[in-house]
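Asks: Sequence:
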Amino acid sequence: MIKRYSQALKSPKPRIPLMKTHYVMMRICDDEDNDMELIEVQIGDFVIVKYPTKQAVRHYAGYVEDVVNGEYVVSFLRKVFGHTFTYPKEEDVDTIEPDNIVRSLPKPSAIGSTKRSSCQLQFQFDFSPYNMF
Numbered sequence: 074m075i076k077r078y079s080q081a082l083k084s085p086k087p088r089i090p091l092m093k094t095h096y097v098m099m100r101i102c103d104d105e106d107n108d109m110e111l112i113e114v115q116i117g118d119f120v121i122v123k124y125p126t127k128q129a130v131r132h133y134a135g136y137v138e139d140v141v142n143g144e145y146v147v148s149f150l151r152k153v154f155g156h157t158f159t160y161p162k163e164e165d166v167d168t169i170e171p172d173n174i175v176r177s178l179p180k181p182s183a184i185g186s187t188k189r190s191s192c193q194l195q196f197q198f199d200f201s202p203y204n205m206f
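Take 74 as the starting number for the sequence shown in this note's numbering and just add one per residue.
Hints were generated in silico from the structure; no laboratory data involved. Be a bit skeptical, because a hint or two may be false.
When the alpha-carbon atoms are kept at most 25 Å apart in a straight line, the in silico SDA-like pairs for lysine to any residue are as follows [stated by the list, open to error]:
id	residue 1	residue 2
1	K123	T159
2	K162	G143
3	K180	F200
4	K123	P202
5	K123	G185
6	K127	V146
Here are the computed distance ranges between Cβ atoms for each label pair [claimed, not checked]:
id	residue 1	residue 2	range
7	A183	N204	20 to 28 Å
8	K127	P202	34 to 42 Å
9	S177	N204	15 to 23 Å
10	G143	G185	16 to 24 Å
11	Q195	N142	12 to 20 Å
12	P125	S182	29 to 37 Å
13	N142	S201	18 to 26 Å
14	Q197	N142	31 to 39 Å
In this text, a Cβ means the ideal position worked out from N, Cα and C, and glycines have one as well.
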């Protein structure tokens with residue numbers, strides 16, 4: 074179950090503070106086969122998160138801001154085009170269970186020479202296998 078970040082803040086569970094160098098190892102299953110792959114997700118990493126809907130599975134790129142009670146607090150990006158993403162005008166933050174993190178992404182590079190385009194992030198990654206939004 075995916076909980077909204079505001080719901081997590083109202084939760085009676087105590088918030089466990091973690092250092093920025095803390096990371097969580099998790100096992101994920103690649104959609105193409107049943108082999109388990111061990112990946113690490115750290116605070117400060119960019120990740121692909123899946124959101125299953127009734128008709129399809131949607132994928133979103135996001136930035137891991139924190140880990141609270143074993144779940145990730147992720148700030149989501151919006152796809153501009155191709156490999157380019159930007160932060161939305163209104164912050165989009167959610168608490169994500171580890172099972173919904175598909176993979177970690179390489180560090181992006183900031184692109185653009187204008188103020189508006191310099192806020193865009195470009196990933197050197199092939200997003201074609203994912204239904205990115």
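Asks: It remains to establish, for every hint, whether it holds in the given structure.
Replies: Results of checking the hints against the structure:
1. Restraint check for K123 and T159: the C-alpha separation of about 18 Å stays at or below 25 Å, so the hint holds.
2. Between K162 and G143 the alpha-carbon distance is near 28 Å, which puts this suggested pair outside the 25 Å criterion.
3. Annotation: proposed proximity of K180 to F200 holds, straight-line Cα distance about 14 Å (limit 25 Å).
4. Using a Cα cut-off of 25 Å, the hinted pair K123 and P202 holds, with the two alpha carbons roughly 12 Å apart.
5. With a C-alpha separation of about 28 Å, the suggested pairing of K123 with G185 is violated against the 25 Å cut-off.
6. Annotation: proposed proximity of K127 to V146 holds, straight-line Cα distance about 24 Å (limit 25 Å).
7. Between A183 and N204 the C-beta distance comes to about 26 Å, which sits within the given range of 20 to 28 Å.
8. In this structure the supplied range 34 to 42 Å is violated for K127 paired with P202, their Cβ-Cβ distance being about 21 Å.
9. Between S177 and N204 the beta carbons are some 18 Å apart, a value that agrees with the proposed interval 15 to 23 Å.
10. At roughly 37 Å, the beta-carbon separation of G143 and G185 lies outside the given 16 to 24 Å, and the hint is violated.
11. At about 33 Å, the CB distance of Q195 to N142 disagrees with the hint of 12 to 20 Å.
12. Remark: the range hint 29 to 37 Å for P125 to S182 is upheld by a beta-carbon distance near 31 Å.
13. At about 34 Å, the CB distance of N142 to S201 disagrees with the hint of 18 to 26 Å.
14. Under the hint 31 to 39 Å, the C-beta atoms of Q197 and N142, about 33 Å apart, fit the expected range.
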